[in-house]
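Colleague: Sequence:
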Amino acid sequence: MSYTRGWQAIHLEMPDRIPHTEYIFHRQFTLQTTGLDPESEDPRESDQAFARLARLLDYDFMWATFPLKYDGPRTEMGHGQYTETGRDIAPATKPFTTPEQVLAFEPERDLHGPPTEQLAGMVRDWHTRTQADYDQAVVPGGFYHGVFTWPIITFGWEPFLLAAAIDEQRFDRILEGFTRITERVVEAHIAACVPVFLWHDDIAWTSGPPFAPQWYRQHIFPRYRRLWARLREAGIKVLFCSDGDFTGFLADLADAGADGFIFEPYTRLEAVAEHFGRTHVIIGNIDTRILTFGTCDAIRAEVRRCAHLGRDCPGYFFAVGNHVPYNVPIPAIECYLEAIREMGRR
3 MSYTRGWQAI
13 HLEMPDRIPH
23 TEYIFHRQFT
33 LQTTGLDPES
43 EDPRESDQAF
53 ARLARLLDYD
63 FMWATFPLKY
73 DGPRTEMGHG
83 QYTETGRDIA
93 PATKPFTTPE
103 QVLAFEPERD
113 LHGPPTEQLA
123 GMVRDWHTRT
133 QADYDQAVVP
143 GGFYHGVFTW
153 PIITFGWEPF
163 LLAAAIDEQR
173 FDRILEGFTR
183 ITERVVEAHI
193 AACVPVFLWH
203 DDIAWTSGPP
213 FAPQWYRQHI
223 FPRYRRLWAR
233 LREAGIKVLF
243 CSDGDFTGFL
253 ADLADAGADG
263 FIFEPYTRLE
273 AVAEHFGRTH
283 VIIGNIDTRI
293 LTFGTCDAIR
303 AEVRRCAHLG
313 RDCPGYFFAV
323 GNHVPYNVPI
333 PAIECYLEAI
343 REMGRR
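Numbered according to this note's numbering, the sequence shown terminates at residue 348, and the numbering increases by one at each position without gaps.
These aren't lab readings, by the way, just hints derived from the structure by calculation.
Please note that a few of the clues may not be correct.
Unchecked claim - What follows is a set of in silico ranges between Cβ atoms, one per label pair, in the way DEER data are often shown:
| no. | residue 1 | residue 2 | range |
| --- | --- | --- | --- |
| 1 | Gly115 | Arg234 | 22 to 30 Å |
| 2 | Gly74 | Asp44 | 24 to 32 Å |
| 3 | Arg57 | Thr95 | 35 to 43 Å |
| 4 | Thr297 | Thr87 | 27 to 35 Å |
| 5 | Arg280 | Glu108 | 38 to 46 Å |
| 6 | Arg291 | Thr87 | 22 to 30 Å |
Positions of the beta carbon are idealized from the N, C-alpha and C atoms, including for glycine.
Taking the hints into account, I'd like the entire structure generated from these sequences.
Modeller: Quick look at the structure:
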């Protein structure tokens, strides 16, 4: 069963085949496969479309984080259109225009969310419901904002980078405020006994980290260690996920307590498999650009590359690491899915 394969891989027990998960936001492929519209104005049909697609494609793990939002200033991070109808595009907002506005911000004062005492029940209810909807796959809990993503979402990239450079000490106090909010979410997951925590935090660009490595080692990774220690003490697996190329931080993340890595093609699977293949969960690295522009032979070669590197890694999952949006040709998706079925056998 898919859940069994996913659970085995997360616990490094080497399932009989390489498991997989996908991030497919392709309306026509989903309609063709499920008969349901993932971009329907009826949210029930949309939810059912994604759940049915996951079942029919035999996902072993679902990428999911607890959907908690706080009232307060927010930007859109910079966003590519992934849906055919464009419903994922929101107007850009710029609530902060100067570094001084950023440095005057106090997360615990200026962001407003549900009372801490309600969070555990909210996490438990959401996870129980979502695991029931995707009962064939392992559904984690988790949080999208992490530590580093908070200022991207709240301030926008340019105000964030300028303020952090102008006054490192004051900005560190802001990071600590964000961390304390995330800590409440962590404690809620512990109280709710959710077995896996997906820690999303976009610490890198395609070209690598936007700050010097020492900046992360001073301001980000110690906070990871602090919060991940609480999760690990509770027996909860921590899976770290970031966009971009964070190859240079793999050892830092493992040392801070990550049990696994979820990544795009920019982070080098060769390095992850060589140094962490026997000890960590590894999810992703199939390049969506090859599905978009390549031949079926090129797609099969990409799957073969990842299968070769991941086959002896007990926690490896296939995944197209930077989504399958609506502009990927349907025959390419079908070629990919057939290739992972064929090459995933151990």
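Colleague: With reference to the structure, classify each hint as holding or not holding.
Modeller: Each hint, compared with the structure:
1. Gly115 with Arg234: 22 to 30 Å: holds (25 Å)
2. Gly74 with Asp44: 24 to 32 Å: 30 Å Cβ-Cβ, so the 24 to 32 Å window holds.
3. Arg57 with Thr95: 35 to 43 Å: Taking Cβ atoms as reference, Arg57 and Thr95 lie about 37 Å apart, which means the hint holds.
4. Thr297 with Thr87: 27 to 35 Å: Distance hint for Thr297, Thr87 holds at roughly 29 Å.
5. Arg280 with Glu108: 38 to 46 Å: Between Arg280 and Glu108, where Cβ atoms are some 44 Å apart, the hint holds.
6. Arg291 with Thr87: 22 to 30 Å: holds (23 Å)
Violation of the numbered hints given earlier is absent; every hint is satisfied by the structure.
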